[in-house]
Amino acid sequence: MSRPKSPLRIAVIGAGPGGLSTAHFIQQAGHEAVVFEAEDRLGGKSFSVVRGDAMNEMGTCYTTRSHKLVKKWMKQVGITLTRLGEARYDGVKVVDYVKQGDGPPLAFQALKFIRAAGRLRRDIRNRPDDPDVRAEASMTTAEWVKRLGLPKIDLASHR
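Each residue of the sequence shown is one higher than the last, beginning at 161 in the working numbering.
No lab work stands behind these hints: they were computed from the structure.
From a predicted model like this one, the values you see are computed outputs, not experimental measurements.
Where a beta carbon is used, it is the ideal one built from N, C-alpha and C, also for glycine.
One or more hints might be untrue.
As the list claims (entries may be wrong) - List of simulated lysine-lysine pairs, DSBU-like, C-alpha gap at most 35 Å:
| # | residue 1 | residue 2 |
| --- | --- | --- |
| 1 | Lys306 | Lys205 |
| 2 | Lys235 | Lys205 |
| 3 | Lys253 | Lys235 |
As the list claims (entries may be wrong) - Pair by pair, the computed Cβ-Cβ distance ranges are:
| # | residue 1 | residue 2 | range |
| --- | --- | --- | --- |
| 4 | Ser166 | Lys272 | 51 to 61 Å |
| 5 | Arg275 | Ala302 | 17 to 27 Å |
| 6 | Thr300 | Lys228 | 20 to 30 Å |
| 7 | Pro167 | Ala198 | 20 to 30 Å |
| 8 | Ile239 | Ala302 | 21 to 31 Å |
| 9 | Phe185 | Thr240 | 19 to 29 Å |
| 10 | Pro264 | Ala297 | 21 to 31 Å |
| 11 | Gln260 | Ile173 | 35 to 45 Å |
| 12 | Glu192 | Asp256 | 41 to 51 Å |
| 13 | Pro167 | Gly212 | 44 to 54 Å |
| 14 | Lys165 | Arg279 | 43 to 53 Å |
| 15 | Lys232 | Pro264 | 34 to 44 Å |
Construct the entire structure; sequences and hints are all you get.
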């Protein structure tokens, strides 16, 4: 496929992390990105509130040490990472908040989650037309975690 001679004007729906990243890449490729957002703020599900000396995460955005590009962008705009162990949700350390959930210990639930995710990836690869596989793959993470019976993992997704 050949590249267009003149820059394109490309619509990006949503100003969350994915939409803003997409707009950035579009601009890097020499095109114009027009971002459409339904809310009156950027960030999508990423939302932090500062109250006193505490930063409270109200959304879902986080990164790991392996996300080099995200960390580079964060540094460029002056955002510093907070270790998950230091992050708070409703004034409680995230780790403590998650541990107070019902069911078996967090390590057990995390292992079950990882195994189930691996199984689902294999099922999608090996049986993509299976209606049961499609139904499971189309669930939201919250629905899927509840179906698996992982209340602590569900709490972890709140942050």
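Hints versus structure:
1. Straight-line distance between C-alpha atoms of lysine 306 and lysine 205 comes to about 20 Å, which keeps the hinted pair within the 35 Å bound.
2. For the hint pairing lysine 235 with lysine 205, the CA-to-CA distance comes to about 20 Å; that is within 35 Å, so the pair holds.
3. The hinted pair formed by lysine 253 and lysine 235 meets the criterion: a straight-line CA distance of about 24 Å does not exceed 35 Å.
4. For serine 166 and lysine 272, the hinted distance range of 51 to 61 Å is satisfied, since their beta carbons lie about 53 Å from each other.
5. For the pair arginine 275 and alanine 302, the beta carbons lie near 19 Å from each other, so the given range of 17 to 27 Å is met.
6. Between threonine 300 and lysine 228 the C-beta distance comes to about 28 Å, which sits within the given range of 20 to 30 Å.
7. Between proline 167 and alanine 198 the C-beta distance comes to about 26 Å, which sits within the given range of 20 to 30 Å.
8. Distance hint for isoleucine 239 and alanine 302: a CB-CB separation of about 26 Å, consistent with the stated range 21 to 31 Å.
9. Taking the beta carbon of each, phenylalanine 185 and threonine 240 are about 24 Å apart, inside 19 to 29 Å as hinted.
10. Roughly 25 Å separates the CB atoms of proline 264 and alanine 297, a value that falls within the hinted 21 to 31 Å.
11. Judged by the Cβ atoms, the range 35 to 45 Å given for glutamine 260 and isoleucine 173 holds: they are separated by roughly 37 Å.
12. As the Cβ distance of glutamate 192 to aspartate 256 is approximately 46 Å, the hint placing it in 41 to 51 Å holds.
13. Between proline 167 and glycine 212 the CB atoms are about 46 Å apart, so this pair conforms to the stated range of 44 to 54 Å.
14. Taking 43 to 53 Å as the suggested C-beta distance range, the pair lysine 165 and arginine 279 conforms, at roughly 48 Å.
15. For the pair lysine 232 and proline 264, the beta carbons lie near 38 Å from each other, so the given range of 34 to 44 Å is met.
Going through the hint list in order, the structure satisfies each hint without exception.
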